[in-house]
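*Asks:* First to last, the protein sequences are chains A and B.
Under UniProt numbering, the residue at position 438 of the first sequence is numbered 438, and the numbers go up by one with no gaps.
Under UniProt numbering, the residue at position 389 of the second sequence is numbered 389, and the numbers go up by one with no gaps.
Each hint should be verified, as a subset may be incorrect.
Claimed, not checked - Within a straight-line C-alpha distance of at most 20 Å, the following computed DMTMM-like cross-link-like pairs (lysine to aspartate or glutamate) qualify:
hint, chain 1, residue 1, chain 2, residue 2
1, A, K212, B, D211
2, B, K421, A, D223
3, B, K330, B, D31
4, A, K421, B, D211
5, A, K649, B, E677
6, B, K360, B, D31
7, A, K330, A, E363
8, A, K421, B, E678
9, B, K367, B, D31
10, A, K525, B, D418
11, B, K168, B, D504
12, B, K247, A, D504
13, B, K649, A, E686
14, A, K284, A, E677
15, A, K360, A, E378
16, B, K284, B, E677
17, B, K421, A, D211
18, B, K367, B, D420
19, B, K212, A, D420
20, B, K338, B, E18
21, A, K330, A, E316
22, B, K525, A, D418
23, A, K212, B, D504
24, A, K247, B, D504
25, B, K360, B, E378
26, A, K360, A, E681
27, A, K284, A, E678
28, A, K360, A, E677
29, B, K421, B, D504
30, B, K212, A, E179
31, B, K212, A, E363
32, A, K212, B, D420
What the hints assert, rightly or not - Beyond 12 Å from chain B on every Cβ pair, some chain A residues (computed):
hint, residue
33, L221
34, F383
35, E644
Hints listed in this document are in silico derivations from the structure and should not be mistaken for laboratory results.
Ideal placement from N, C-alpha and C gives every residue a C-beta, glycine not left out.
Protein chains: 2
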Amino acid sequence: GAGADNDLYINQAVVFIEDAIQYRSINHRVDSRSLGLYRWYYSRTCQWILSLTITVILALAFIEQPSSLTVTSDARYRPPAWNPPCGLTESIELLCFLVFVVDVAVKSYLVGWEEFWKNKWLMAYIVTLVVSLTDWMVSLSFFCMEDVRIRRILRPFFLLQNSSMMKKTLKSINSTLPEMASVVLLLALHLSLFTMFAMLLFARTKDGQQDKEWVRYFRNLPDSLTSLLVLLTTANNPDVMIPAYSKNRAYSLFFILFTVLGNLFLMNLLTAIIYNQFRGYLLKSVQSSLFRRRLGIRAAFEVLSSLKETPASAQESYVSVGALLQVLQKVDMDSRCKQAITRSIRMCSCDQLSATQFQKLFEELDKDAIMQHPPSPEYQSHFMQKVQFAFGHPYFGYLGNVVALANIISICVVLVMDADKQPSERDDFFLGAINCFFILYYLLEMLLKVLAMGLQRYLSYPSNRFDGLLTVILLVLEISTFAVYGFPHPGWRPEFMGLLSLWDMVRLVNMFIVFRFLRIIPNMKFMALVVTTLLDLVKNLRAFAGILVVVFYAFAITGIMLFKGAVVPLGNTSKKAVVLCVKEKSDFIALFGYFQAHVIYCLLYLLSLLTVHLICRWAKIYFVAWWLISSVIWVNLFIALLLENFIHKWDRRCHRESLSDIEYQRTVELMFRDVLEEPTEEELMEKLHQHPHLQLCR
Amino acid sequence: GAGADNDLYINQAVVFIEDAIQYRSINHRVDSRSLGLYRWYYSRTCQWILSLTITVILALAFIEQPSSLTVTSDARYRPPAWNPPCGLTESIELLCFLVFVVDVAVKSYLVGWEEFWKNKWLMAYIVTLVVSLTDWMVSLSFFCMEDVRIRRILRPFFLLQNSSMMKKTLKSINSTLPEMASVVLLLALHLSLFTMFAMLLFARTKDGQQDKEWVRYFRNLPDSLTSLLVLLTTANNPDVMIPAYSKNRAYSLFFILFTVLGNLFLMNLLTAIIYNQFRGYLLKSVQSSLFRRRLGIRAAFEVLSSLKETPASAQESYVSVGALLQVLQKVDMDSRCKQAITRSIRMCSCDQLSATQFQKLFEELDKDAIMQHPPSPEYQSHFMQKVQFAFGHPYFGYLGNVVALANIISICVVLVMDADKQPSERDDFFLGAINCFFILYYLLEMLLKVLAMGLQRYLSYPSNRFDGLLTVILLVLEISTFAVYGFPHPGWRPEFMGLLSLWDMVRLVNMFIVFRFLRIIPNMKFMALVVTTLLDLVKNLRAFAGILVVVFYAFAITGIMLFKGAVVPLGNTSKKAVVLCVKEKSDFIALFGYFQAHVIYCLLYLLSLLTVHLICRWAKIYFVAWWLISSVIWVNLFIALLLENFIHKWDRRCHRESLSDIEYQRTVELMFRDVLEEPTEEELMEKLHQHPHLQLCR
């Protein structure tokens with residue numbers, strides 16, 4: 001009936017608007033039952049369960065068999081890691097797989113049969129699940145004794161496919177690959193030509209004393225290639241040229257030429273290319289997000305305009321305000337936006353909304369949220385007003401900074417004085433008394449500020465929250481110190497009591513004080529700019545970080561499989577290197593950081609010293625791939641993003657110096673606002689008519 | 001008289017146009033005698049003498065007392081360096097100073113008294129000369145036995161003040177300094193906070209076995225600071241954290257946080273800031289060059305328009321074509337431009353030129369020179385035409401590339417096969433025969449190409465010049481090999497004869513063959529783009545390279561003075577480090593390269609191991625300054641320039657894909673052509689009226 005139709009239209013509009021808010025595609029089924037399923041699937045609970053499942057399946061690696069999640073990383077002192085019984089991790093895995101099966105089934109149903117065939121991600125998802133389940137069964141039938149577990153390498157795919165931002169970023173990276181490949185090819189050419197040159201230059205001579213360079217670095221083709229590759233990572237930089245340089249200074253020309261061409265030109269060219277390519281693609285992806293949002297809103301307008309209650313008047317279609325309000329009530333969105341839109345509708349005071357007006361109403365979604373601090377309390381007493389003026393003044397904050405600086409300096413002085421003393425000679429009284437005094441001041445400062453500003457206003461500033469939290473922690477630590485060790489007095493060196501020794505307590509307090517000193521940052525203009533840029537960057541980097549986690553995970557698992565039990569008894573140096581090498585691989589999961597890239601440099605260098613060819617042939621390829629991906633490409637992507645962010649921010653700073661008081665919440669979409677193009681009505685309508693499930697009346 | 005006046009005006013116009021061509025300021029004296037002096041001073045001979053003098057005075061450091069210009073760099077095997085008698089280098093220095101005195105006198109006279117006081121570079125020049133001469137006299141009065149020679153550190157100033165491009169670049173760098181200083185300050189804050197944290201975290205414990213980290217890296221404040229600073233250069237990257245990491249994995253968080261914040265964020269922020277700031281300033285300096293050019297042309301127009309022969313007609317002033325032709329004849333400029341301008345004048349066929357027409361004529365100066373290749377010879381014989389078609393075809397070039405590749409591969413195979421053979425077992429026949437065959441092919445290829453294209457057309461392509469030159473060198477080497485060692489035959493292993501052994505000859509030939517392989521570059525589109533970008537970069541980098549030389553020179557001289565005779569007998573390791581450190585300093589001049597930056601990293605690391613505090617306190621400061629300037633700032637400037645160049649080039653490539661056949665000669669001015677603004681007439685006239693020596697009639 002008409003009522004059921006109307007309900008369907010309202011529900012469709014609700015879902016389309018939610019799609020617009022979340023930048024989702026609207027190409028899903030739109031019948032009543034599917035809409036229910038769709039809203040259920042994208043509800044917070046469901047998505048949370050999905051995220052939890054992904055986290056669990058990724059975290060399994062920490063407790064699975066060849067794991068090294070122990071406190072010490074030293075293979076000699078390490079107790080044998082806990083070995084879960086066969087079937088434990090496997091059953092958790094099965095549970096996760098079942099969730100994924102439900103996930104892929106719902107997703108596939110919702111997009112519809114036609115769309116499913118076009119969607120490569122969904123198909124890859126299914127293939128991954130099938131392979132994983134097969135592997136799981138093989139695993140169980142071998143009673144967990146099999147060596148190769150393909151499904152572990154496939155795991156990060158589940159993380160990847162669940163985030164549209166990551167998929168987009170991956171697409172951007174993918175489009176940059178041809179250019180990157182060209183530079184990598186150039187690097188390879190550079191490397192191979194120089195290797196041939198080096199082999200000709202540092203050839204074996206008849207006089208055995210003269211060819212140290214040949215013996216150590218250019219003995220044969222693989223050695224030479226490794227030496228120069230490691231030189232490209234600058235890990236063996238002066239060492240590799242020292243023997244030749246000692247013989248004749250002119251040999252250094254070869255190395256200088258190689259380094260300048262390779263490191264200075266080609267490596268930086270990679271930065272330039274990635275920056276140049278990536279700049280465009282990030283903008284493009286933001287543009288497509290905007291298109292999705294406008295499309296969702298427009299789709300909502302179209303379905304609402306076909307409601308029976310609306311008079312099918314002229315060629316232009318309209319939406320009644322009542323229907324929109326009804327939709328708005330059902331939509332799950334930010335309450336601030338909802339209020340703003342409702343207010344706009346009331347202010348407009350018209351019955352019908354045209355497409356443009358409708359679109360305009362929802363522009364509220366794109367707007368920055370402007371932070372407003374609650375007002376200070378108004379005191380009646382004259383004295384209290386004076387107090388409020390004095391301690392609400394910025395100068396009081398500056399005084400606090402000065403005191404914090406004094407505290408830092410005093411800690412520094414004590415540290416320098418105590419540096420060479422034996423622990424038993426140390427007198428903890430001085431540091432204890434200083435800490436006590438300063439923490440009292442911090443407490444006083446906090447209380448006075450709360451008095452002057454009121455608790456709500458005080459907490460509305462992030463710097464105050466930071467400050468207050470640290471002050472409370474310091475206070476708790478100090479009080480517990482006094483409770484355990486009593487008040488400080490000269491010669492205050494009590495015995496060890498409770499959880500931590502007095503010295504450890506004092507150190508902990510001091511660390512928090514050093515950390516609290518960061519409160520000065522917002523007071524310095526340039527630093528504030530830098531810090532906000534960095535914070536923005538972190539926001540925008542989430543997709544990159546996700547991809548990085550995917551790559552790290554895959555590398556870690558591959559590393560574990562490749563170098564399992566590779567510790568062989570060997571000569572002293574080589575053994576150390578191999579141990580380091582093998583220890584390394586099992587730490588991948590534990591560390592998960594950029595840090596690794598540099599560890600790799602040095603490992604590569606150590607490996608070049610090794611004669612254990614069996615492991616090292618594989619290890620070399622593995623580490624070179626690792627270096628290229630994690631260090632070269634990822635760092636360059638990071639630089640590109642940083643340049644982009646910073647330059648935008650900088651230009652903006654110059655434009656609206658005056659508006660600096662207003663705090664904006666920036667996202668990657670807002671960063672590009674000035675350059676984005678609004679999609680035209682024709683584009684939107686064309687796209688809408690291509691919708692696989694929605695039949696528009698006109 | 002009027003004739004003398006006319007001559008003066010003509011001369012003024014000539015000088016102004018020459019100023020415009022060279023982007024020089026026109027604010028110099030303009031009376032007849034001064035103009036003569038000015039043209040003499042800027043004549044090629046005078047400028048050449050000045051450059052020679054600068055080169056000589058800079059090169060003096062190589063033969064002066066604490067120099068190390070010997071073949072080997074190893075202090076143990078090095079013969080004592082040649083010690084010039086007192087007075088030899090000093091008299092050469094005096095000659096140079098006299099040239100500089102003349103230079104500064106002429107320059108000061110030409111700019112005039114008023115301008116002199118505004119010109120800080122000139123005053124600094126005079127001060128430098130006075131200080132240098134005083135120091136020279138002190139030196140002589142001590143019979144060259146004094147320790148500190150200030151004038152040596154001042155020497156690079158002479159290089160700096162002679163290049164306007166370098167002065168401009170320095171100004172740009174100077175304007176970026178405040179921003180850079182902010183980041184460096186941030187880095188310092190980062191470093192000091194983390195140092196305090198580290199000292200609290202890795203404190204001495206009562207149990208002596210547990211604090212390896214403390215003993216080795218965080219013993220006291222200077223040690224901790226050094227450890228973390230070196231970590232910032234990534235030189236001691238995994239080592240510094242290994243002891244703590246072995247104890248507890250969680251300690252790695254500290255190092256990861258430090259590295260991520262310091263290296264990934266702050267260091268790259270420096271890149272972003274330098275890129276952002278520098279981009280603007282480079283454009284600005286190019287803009288001011290353009291202004292100087294337009295101003296010179298306009299000044300020439302104004303003086304020519306006040307010639308007596310011109311009728312003082314309307315409010316607009318005109319220049320007669322005859323006067324302009326007279327001026328053009330006298331002007332010293334590129335003959336291509338001169339011809340183009342003369343042709344334009346003839347084509348215009350008017351008697352009088354307005355200011356706009358006059359300016360337009362000289363726009364020829366800004367235009368790219370378009371290379372035109374001479375035509376191929378036209379053969380009468382049908383056979384010759386066929387031959388010409390076959391060998392002039394690009395496919396013949398590709399065949400040449402394939403042959404070159406085959407040659408490279410064959411050399412590679414022989415190298416791999418010979419890698420483990422003793423020199424005495426090696427059979428040189430195979431390599432000799434291969435070389436002989438390929439060189440014959442190369443010769444044939446060259447001759448056929450010359451036949452098909454004609455010598456002139458052949459030589460007009462840079463790739464052919466490169467090819468031909470290498471082929472000739474290879475031929476000469478091969479013929480001399482045959483002349484000395486006879487033709488190759490199996491078991492061809494003759495005794496050593498002549499300058500080089502047969503094996504050395506073959507190696508040399510092979511190196512040239514590897515080098516010749518670079519001819520494939522222009523055939524690969526992307527590589528061609530990269531290589532042209534790099535070549536452009538080298539052109540634009542001259543000013544930077546100059547400044548780098550200045551900085552290196554000053555550092556090298558300071559290093560020599562600081563660490564003179566610092567080799568002290570010590571324990572084994574420390575001695576090695578100190579020797580390396582001291583050897584290093586004296587090699588600065590010999591190496592002069594980016595390479596050093598990395599040597600410094602490692603030195604810094606070695607130094608952190610040292611306990612010789614006397615030298616190392618100074619050495620640390622010296623090396624940190626060195627690292628900041630040469631590695632951090634210079635490399636970032638380089639990246640900024642590369643990004644700028646590459647992105648411009650890339651955009652351009654997309655715009656004019658079709659025009660790729662035409663070879664342009666690019667300069668930094670041309671790169672920015674599209675964004676440059678033409679100065680308005682008012683700006684030009686205002687500037688002209690401010691000229692200190694030129695009185696315009698109107």
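*Asks:* Hints first: check each against the structure and report whether it holds.
*Replies:* Outcome of the hint check:
1. A:K212 / B:D211: violated, 39 Å
2. B:K421 / A:D223: The hint holds at about 16 Å.
3. B:K330 / B:D31: holds, 17 Å
4. A:K421 / B:D211: holds, 14 Å
5. A:K649 / B:E677: Answer violated: A:K649 to B:E677 is near 26 Å, above 20 Å.
6. B:K360 / B:D31: At roughly 28 Å apart (the allowed maximum being 20 Å), B:D31 and B:K360 break the hint.
7. A:K330 / A:E363: holds, 19 Å
8. A:K421 / B:E678: This hinted pair is violated, its Cα atoms lying about 71 Å apart.
9. B:K367 / B:D31: violated, 32 Å
10. A:K525 / B:D418: Between A:K525 and B:D418 the Cα gap is close to 65 Å, so the pair fails against 20 Å, i.e. violated.
11. B:K168 / B:D504: violated, 48 Å
12. B:K247 / A:D504: holds, 17 Å
13. B:K649 / A:E686: violated, 37 Å
14. A:K284 / A:E677: holds, 10 Å
15. A:K360 / A:E378: violated, 39 Å
16. B:K284 / B:E677: Holds: B:K284 and B:E677 sit about 10 Å apart, inside 20 Å.
17. B:K421 / A:D211: holds, 14 Å
18. B:K367 / B:D420: violated, 58 Å
19. B:K212 / A:D420: This hinted pair holds, its Cα atoms lying about 15 Å apart.
20. B:K338 / B:E18: Holds - the C-alpha atoms of B:E18 and B:K338 are around 12 Å apart, at most 20 Å.
21. A:K330 / A:E316: violated, 26 Å
22. B:K525 / A:D418: This hinted pair is violated, its Cα atoms lying about 65 Å apart.
23. A:K212 / B:D504: Judged against 20 Å, a Cα distance of about 18 Å means the pair holds.
24. A:K247 / B:D504: Measuring from Cα to Cα gives roughly 17 Å; hence the hint holds.
25. B:K360 / B:E378: Distance ~39 Å between B:K360 and B:E378 Cα, so the pair is violated.
26. A:K360 / A:E681: Distance of about 13 Å is within 20 Å: holds.
27. A:K284 / A:E678: At roughly 13 Å apart (the allowed maximum being 20 Å), A:E678 and A:K284 satisfy the hint.
28. A:K360 / A:E677: holds, 15 Å
29. B:K421 / B:D504: Answer holds: B:K421 to B:D504 is near 16 Å, not above 20 Å.
30. B:K212 / A:E179: violated, 47 Å
31. B:K212 / A:E363: Not satisfied, since the Cα-Cα distance of roughly 60 Å exceeds 20 Å.
32. A:K212 / B:D420: holds, 15 Å
33. L221: violated, 5 Å
34. F383: A:F383 clear of chain B: closest Cβ-Cβ about 40 Å, beyond 12 Å.
35. E644: violated, 9 Å
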